[in-house]
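K.L.:
Quick mapping for you: the protein sequence lines, in order, are chains C and W.
The numbering of the first sequence is the numbering used here, which starts it at 1 and goes up by one.
The numbering of the second sequence is the numbering used here, which starts it at 148 and goes up by one.
Some clues are possibly wrong.
[To be verified] Pulled a few chain C residues facing chain W out of the computed Cβ check, cut under 7 Å:
id, residue
1, Q53
2, D116
3, L122
4, F130
The hints are simulated quantities; they were obtained by calculation from the structure and are not laboratory data.
Glycine included, each C-beta is placed from N, C-alpha and C at the ideal position.
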Amino acid sequence: MNPVVLCTVARMMAPVLLLFSLVLTVRGHDSPGGGFVGGLLATAAFTLLLVAQPEELVRRRPRVDPTRLAITGLLVALGSGLPALFLGRPFLTGLWAQVPLPGGGALKLGTPQLFDAGVYLLVLGTAMAFILGLLHGEEEEAREREG
Amino acid sequence: MSLSLAFLTSFAAAPLSLLITRLSRRWSGGVLAAVPAGLMLWFASRAPAVLRGELPAIDMPWVPELGLAFALRLDGLSLLMALLITGMGALVFLYAGRYLGQRRHLSRFYAWLFLFMGGMLGIVLADDALLLFICWEVTTFSSFILIGFEHKEEEAREAAQRALLITALGGQALLVGLVLLGDVAGTLSLSRMLEPERVEQVRGGSRYLPILLLVLAGTFTKSAQVPFHTWLPGAMTAPTPVSAYLHAATMVKAGVYLLARLSPLLGGTAAWEWLLTGVGAVTMVSGALLALGHTDFKRLLAYATVSVLGALVLLLGQGTAHAVQAMVVFLTVHALYKGALFLVAGVVDHEAGTRELPEVGGLLRRLPITGAAAGAAALSMMGVPPLFGFVGKELVYEACLEGPGGWPLALTAALGFSLMVAAALRAGVRPFVGGSFRAGKPEAQVHEAPSSMWAGPALLATAGLALGLAPKALQPLLGAAAAAIGGAEAGHLELKLWHGLTPALGLSAASLAAGGALFAARAPVLRGLQALHLERWGPERLYQASLEGLKRLAHAQTRVLQSGSLRRYLAVTLSTLGGLLALTLALRLRAPPPGPPGEILLHEAAVLVLMLGAAVLAVTTRSVLTSLMALGAVGLAEALLYAFFGAPDLAMTQVVVQTLTVILFALIFSRFPVEPHEERPRWRDAPLALAVGGLLSWALLHVAAVPPHTRIAQFYATHSVPEAHGLNIVNVILVDFRAFDTLGEVTVLATSGVGVYLLFRTGARQRRRT
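Next comes chain W alone, as it looks inside the complex (with noise of 0.2 Å):
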């Protein structure tokens, strides 16, 4: 039961964020931090039980008839994340507290930071499809708000725009995969599939690779791979505790979670091979290669993050015991190190006012502790012992040389860290360390940040170096996420410094040095990758060109659709409906119609002719109000029609209509005036007219020849009375055995005359102001 009230906590917490920054702004992040805070211990304390291999786990049906079930389950590879989301969230907060405690809307900021949190949490935490789906979702929105949390600056919003279209459309693909694999396995429970017989059924089954397909587009655009990836780096309009939370440490990763939580169910087919590794290797290379290129502190870290994020689905692809081991304690290295320095980004920004890393230099003197923890951290970034990165790319190296990819892989791997390893030193080392500070503020002026500030890097840079050294630390908790993906054999996993001297320690030197050396030579290199314009090629295009061709589309049929003549939108929806009812005509029924039902007696022959006299004066008068008045008379005769078939209420109803439509029509023709291109010639309508009367008047007769269902007749007949106690059927259905519908009607109706009131009102507004 805890496990499901640790889930819902941080969703219980937004409300409370609303409260607590009216109270205090100054000590609202350090308060509201408490929240993720107290979740990381909670996690925390159920480490050893999770260690053991007792499982906590709930399960509790939700909505039974779609499969549906609150189940939620906490095994090492959801301990992990679990504990990544919650520290690093409790760490943004305090650092929020005070980057953005001067703005505006700060509360509505935790408010959808804790949303976020609740997501992400339950992305790890959830074992049923659906369930992980939901909260999916929940944090694709959210990070569709914080990316566009500044939303008076146009980049903004259009940054905003651009995660959402893409991560939005890769979930559709994702419900649609995660649908047809529960449909395909037998069941919705992620830890049901994975039951040998089931695991055959899906992989074995005809419908394996469009499953694949579905599911790596969802997680591919939710994990930024080539060539989804181009929503990542706009994110970085975001405020910089949204980057370094949502865009580097967790978000991002929910896709290379999913895939390494479906991996024993997917993985270790040819397609999956080639599909992971091929994508995370071109995403590896070309994000780091992108990142080399630019000159925006945070533009560069979210390139980096893009190139692991390729790393990682390139080791899932190799899909062995020592890849799975790679991943998981790559993922960890890269939380801790990337996290801090998209903090330090903002600190740079904060202190300096700018993140153009060109225009930033000497920092140390000004921030010493900000950039120690930068050093740090780009050290471990680029992989240099004795810190935790080192043991990251020792394990990832060892892993390519020794899976499938074999030296190949193991060398394109080599190249996307050198490239990594030239890019930590410009985002993390020169700016301290060397050139001059050329921005627009006083060097003077530069501070060291406030501890709230400083503290998240300092911690994470600090366990980054701790790890280096006592790597047998963490060794249980990635070995138990290690073997929930990769079983027993991935579970034994030995974490050290020293692997003595192997090809990857070769690997390892050589891509520093390469990476040293590319720095070095930095200049004309950067000149050439800014000359080039990578990120404006290929996928961008295609992205760009695609949101044109949408627009140019929405707007040419709404020129078309919505054309502002009420005549126009009449002779669309008619023909839409004469054409609908001409085509189910024709393909369903071939027998002509047959004659009116029963003999039309002398009273209802008066009625006829009267509609008929009524509806010729209508469309041949020259007068507005003789028109109305005469479409006013052929309703009302339609209601003595009513009452002369034993429709009482629908007779009533009619009368009160009618009366009520020819008033509204009275005084919108008082408003607006018949405009003149509106008075062409009637006859040019008549066709139109003629066609759908006809068509409806055929499709009725239809409709009158086939019997009524008598049985549901007779069920309201014999049961209104009994079971609804009243003696007016129409009104019992309406209100008892149809309540839900009538309910979901008058919701409509009750929404349009709201929007009719609004309109009405604001349009008054304007005309004022002109």
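Here chain C stands alone, though its shape is the one from the complex (with noise of 0.2 Å):
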């Protein structure tokens, strides 16, 4: 394929990719998706901008540590589970609030969520690890044979 109508085709579609990936994750606990296929789908649309163009990933390195993102989205995940421990109920208890919105209607808003998000940016993280891992070591390779 022609680099330049990949290059952008990916610049378009990355952000889309980004926010389907958000709106899977938010629906996700009443219709299709959820926080793993969110996580995976981001991942997928990093990994198409990476392999569109990596000259991109030699001039600016990611600023977030991929394993420190994973382990941030373990976090979150665990203390999604503490609120239900301080009313003595049981860790992880799914605990819901109904938010009233302004233009009638309710938001509901719950710790399941909050799990969930973890999940999405524990799987971004480390699915990311595995890819810039192997993308960092070639280009390593390939700044080796030129110097």
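Join these two chains into a complex; the hints should help.
P.N.:
Rendered as structure tokens:
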């Protein structure tokens, strides 16, 4: 494929994919989706960018260490189980609240959603760790061949 | 409540040591010694209540499902041990501050020492068998770390590994033994086990012997009984304060303590008497013999400790009221003099720069206080009146003579004591008064140690002398400890220096004379002993051989399984899976697989044909990239099938996973070239692939034929909305009903991610270096 086409498509598609991954995660509790598939989709979006523009990777290393992202996700998921403990319920018991919206209706918020957000971050971090690990190695080898 | 506070204080003090050491290395030892000293005062303040029979106790549920309780109890025996642990602890902290003052990781050392102290206090205070076991393992592990504290030295690492292997294996046996015991007795509470009907159940039960053997395996390894003793001399690579504290005064007594604690329950049978007396006697004599033959100050003391531990076990084996009393007194005697002698060994090492006994001599002029303390401690070790050691030895002889062992046992003990007398003269007397100084360091540069280092040995040695002159001072405490083991009869303890002209006194005098003669004629004896290399035979051989065997086994299976060839890994994994499947199918299901459920519609058939075509392409094409793409097509077609059968979540995940897998593989193939040996004919893999694939299909057809668990599905369908506020059952199960499972899975995932990332980074760094 023409790299220019791939590059253009990647630039256009990556934000859409990222947005869709968030949508999937948020709506997961009621419709198909969830943190796991959302995190994977976000990984796919970033990977698309990286494959289309490898020089981007050389110029700008990712600002967030993927393993740190994974650990943060794990902590968020763990943390989502704590509020139940304070109420004397078993760890990870789902707690829900209805937040009334101005235009009528209500928004439901719950600790399982936080848990899912943690899974999202964790999956994204872990998968990116795999892919960045492979890509960095490649890039370093390329630099060695030049130098 | 304050009992649990006393138990938890030393754990809390561990992080404190980091702060104190940062503030002042010089004073850290003295400041931190205040923690055990304060604890000792607290325990001492409990003594009047305990002696009156009001035993402080707490009992809180911890993990009720396992029957695990946070139960502590302070009786006479626990009190005696707790006072020894905290008292020795204070001296050792004070000593270590100066001894290790310049060493790196001093704060870490203190922290481990505190953890150890907490574990040790837990052992003697615990009234719950499982709590006791947990604390037991805390001491095993902290001992491992402290033995290997000089971890850059191979010898220290080897010794630490050996101690861990032996004591942790014993610990596993102990755990099984305690669980069995709890099962038979119907309770894990150590005090409730002693109720008469429960004792009946345990002793009369068919599981008595397995329980006894397992408990003995745990206690004998911890208390260094022959043939498990080989770890203790090796443990002398630990810094000297550790040797004095863990490997003389406290931890090695944990096994003896537990035997004493369980003796009313398990003791009194023929098996108990023969095993404990036999092993104890062998340990006592061989330990003393090995001690005599050594020239290293600390190793000599370590073997002497082995010998004493043998004597204590022997006394427990006798089990009479007098034997229990003698055990308690002798344990205290030993903690005092052996602690002192170890600290002296540290001073000599620190000041004269050597631990080799033949190299030092006439040190009394240079180290007057240390030398005096060493002399007093050695006299107590020999059992010379009027020291406390004499009182203890008299009791041991009396107990042997009166017990079922009679004269043969008393003479065996006398043999052990005679050897010990000679060893004591070599370690505690000759380096200070006889011989000449031949160490590398000029003799003029040897000075008395700072007061924080001689304070410990001086105090312990003085206590040995004072208690010998006025043994009545400790009578109530030791009596209460004996009563906790042997009941009211053992509680009537009368300590006195002069017992009159008894056979015990005769044996005492004879062993002193024999030991003195042995010392006088030591040159040929030592040469003979050293030529024999006793420590290399028997148990040492066994340990080395089994360790070598284990290593060879590990090497062999690694060579076979971890060959580095992906093809080999896959073949091993798939044949294991296939083998297990075939076994299960052959054993469980004799009926042929049922036909596919339902009929196949046209669009489903089309997808199947697509999958099949892509799969054939994947295995036949020569291009790696084509193969990858074909595999991707198989996966995407699979996602279509999921979508057809009403699993949108699965379909979606499958699409993304498949896409990422293809990308990952493309990246991997671009990094790792296909090695030539991987290019052998592919048809060789066909039989395995077809067999495993066929077996899987067969199993799946059987699975599909089983009607699904409608009850579970029904539960999720009806409870998903009202209880978990979600319409997507799959997601609700993942994040709510089975969130704990998900948490476990994602933890594994994150761990693997971190691991892979680190592997890549270290790989890149190594390549850069070369």
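K.L.:
Next step is simple, just say for each hint if it's right about the structure.
P.N.:
Right, here's what the structure says about each hint:
1. Q53: violated, 15 Å
2. D116: Interface hint status for C:D116: holds (5 Å vs cutoff 7 Å).
3. L122: holds, 5 Å
4. F130: Given a least distance of 6 Å, the restraint on C:F130 holds.
Hint compliance for this structure: hint 1 alone is broken.
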